[in-house]
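With the sequences and hints as input, model every part of the structure.
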Amino acid sequence: MNHGQQSGEAKHEDDAALTEFLASLMDYTPTVYFPFIPDDLVEHYLAKSGFQCPDVRLIRLVAVATQKFVADVASDALQHCKARPAPVVKDKKQQKDKRLILTMEDLSKALREYGVNVKHPEYFADSPSTGMDPATRDE
Amino acid sequence: MTNGGGEGGSQRRELQGKRSISRGNDFAYAVVRMAAAQICESVEISSYQESQTREGLRFSSFQETALETLTDVVIQYIQNIGKTANFYANMAGRVEGNALDIVQALEDLGSGLGFDGAHDVDHCLADSGVVKDIIRYTGEAEEIPFVYSLPRFPFNRGKRPAPSFSEIGAEPPDEHIPIWLPAFPETKMSNGSEETNVDKIEGDVQSRENGPSLSSMQQSVDVDRLKVQKYMDQKDVQKPTEEPEPEGNPFLAAPLWIGEKNVSRVFPPPELTKEEIRTNHVPEKYMSKSHHIPALEAYALSDKINDKNRLAETEDGQKRDGGRTERALLRFKIGTRKASVCWTLNQCLEEKGWFQEDGYKREKKVEREEKRESIDADVK
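Just so you know, the sequences run in chain order A and B. Just so we're aligned, residue 0 is where the first sequence starts under numbering that gives the first Met the number 0, counting upward by one. Just so we're aligned, residue 0 is where the second sequence starts under numbering that gives the first Met the number 0, counting upward by one.
What the hints contain is simulated information worked out from the structure, not anything from laboratory work. Every value quoted in this text rests on a predicted model; they were computed, and no experiment measured them. Where hints are given, some of them may not hold.
Claimed, not checked - Capping the alpha-carbon separation at 16 Å, the derived lysine to aspartate or glutamate pairs in EDC-like fashion look like this:
| no. | chain 1 | residue 1 | chain 2 | residue 2 |
| --- | --- | --- | --- | --- |
| 1 | A | LYS81 | A | GLU104 |
| 2 | A | LYS47 | B | ASP25 |
| 3 | B | LYS82 | B | GLU43 |
| 4 | A | LYS118 | B | ASP71 |
| 5 | B | LYS82 | B | GLU95 |
| 6 | A | LYS108 | A | ASP71 |
| 7 | A | LYS81 | B | GLU106 |
| 8 | A | LYS108 | A | ASP75 |
| 9 | A | LYS47 | B | GLU95 |
| 10 | B | LYS82 | B | ASP107 |
| 11 | B | LYS131 | A | GLU19 |
| 12 | A | LYS47 | B | ASP107 |
| 13 | A | LYS118 | A | GLU104 |
Claimed, not checked - Listed below are several chain A residues computed to face chain B (Cβ distance under 8 Å; list not exhaustive):
| no. | residue |
| --- | --- |
| 14 | PRO37 |
| 15 | LYS47 |
| 16 | ALA82 |
As the list claims (entries may be wrong) - Here chain A is said to cover these stretches of chain B; the calculated rule only asks that three of the stretch's residues, wherever they fall, bring their Cβ under 8 Å from a Cβ of chain A:
| no. | segment |
| --- | --- |
| 17 | 172-185 |
| 18 | 252-258 |
Virtual Cβ for every residue (Gly too), placed ideally from N, Cα, C.
Rendered as structure tokens:
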């Protein structure tokens, strides 16, 4: 660990934030279902890739980090979905009761920012330009 | 895909396609899918309406494909964290991971998008922007109370390392085996353990007590059969009383001798019985000498006589055997099509007692017994 010019006290402060956080993570299990991803599941996948750790707090940390990641992706997808021009509302009763659906398009746009390229192949290829760069084809 | 079974077919196809990517474990995949769906559902963005009321927009539903893609991404993400963290731990000369290894791994993964303080190479890891983001997220996400719609999966694997020789107190069998290595499991037939594996799969699925059974279920899905064996062995070592030792593969058991096991009667078809009456005494004497030989000779003769009959025999072995042994010297012309007719007729015969000819009843009984025994010889 490279602290540079940081003093020992500052180091302890930095550590304290992390350690407090890790300790607070352990308080969640009994009452609130906070980390949506179960610990055993995360441990399974971490073990699958070779990461061994007896400390449960670290597993929790990874679970929370993953949850944050998914939440970020989902919120980006939600933004894309919301930003999409809504279909023409013909009924007056139906105001803005738009049901948002997580679609592959929104998800792929959101994931592209995170470096994950998900290209869902077209079901029908109506024209030779199907499946090409969206800038070149009109939507 | 508009057929009735089309949806199932497309799902199956999708499943098979996904399997090649990251799905080695169906159960874990399903759990991650649920978790991803819950997280997506909990995400809310606030939008201000014209009436200045704050409205939280949420996802109300999702495309199946999108959810599966997201699940795959989540699994890859976790695995990536693990791989990178392990890499950093190994670089530092450690085998077990550290909190700081995880922080470094998260920084690596988050560097694409950027996080606070990414430019600062010398910063303290505990003070990393990634950690701060996570802390902030934890604080924010907690405000939205959320309860699982389903109970938490008891994902108890019950992994227990195999006890070493020293722990058991046993001597290693050879001197080249150090005492701190895990002890050898109890030797048993591999098929037996697989049978018990199958039983466990069909048994409990979600009970917390049967942690090892869950593990066996998961790992039976895995391609690595060695792992299955290992866990099964561990389980058997630890709970020897739970499952009775299987007797072994019945297919590898020694063949039965004649008379050892009661086999059900075989009723020959009526064509056979008609000609039996004529030539009864001949095969009867023939077979009374010894039980094996007539069967073998019957085989030889029948082979010579008729290849087609042999094919018919394989299809309808039991019936044919009865006929064949008795009619070793005769050529039988029974085809397979008459099988159903023969059976019903035989039932009638059984009631009436073989064409109402009392003289041959006793003979028939003797034949039946010998027939039965010879059937055993043939079946072997």
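A quick look at each hint next to the structure:
no.: 1; hint: A:LYS81 to A:GLU104; result: holds, 13 Å
no.: 2; hint: A:LYS47 to B:ASP25; result: holds, 14 Å
no.: 3; hint: B:LYS82 to B:GLU43; result: violated, 31 Å
no.: 4; hint: A:LYS118 to B:ASP71; result: holds, 14 Å
no.: 5; hint: B:LYS82 to B:GLU95; result: holds, 12 Å
no.: 6; hint: A:LYS108 to A:ASP71; result: holds, 13 Å
no.: 7; hint: A:LYS81 to B:GLU106; result: violated, 30 Å
no.: 8; hint: A:LYS108 to A:ASP75; result: holds, 8 Å
no.: 9; hint: A:LYS47 to B:GLU95; result: holds, 14 Å
no.: 10; hint: B:LYS82 to B:ASP107; result: holds, 11 Å
no.: 11; hint: B:LYS131 to A:GLU19; result: holds, 12 Å
no.: 12; hint: A:LYS47 to B:ASP107; result: violated, 19 Å
no.: 13; hint: A:LYS118 to A:GLU104; result: holds, 9 Å
no.: 14; hint: PRO37; result: holds, 5 Å
no.: 15; hint: LYS47; result: holds, 6 Å
no.: 16; hint: ALA82; result: violated, 11 Å
no.: 17; hint: 172-185; result: violated (count 0)
no.: 18; hint: 252-258; result: violated (count 0)
When the structure is compared with the earlier hints, violations turn up for hints 3, 7, 12, 16, 17, 18 and for no others.
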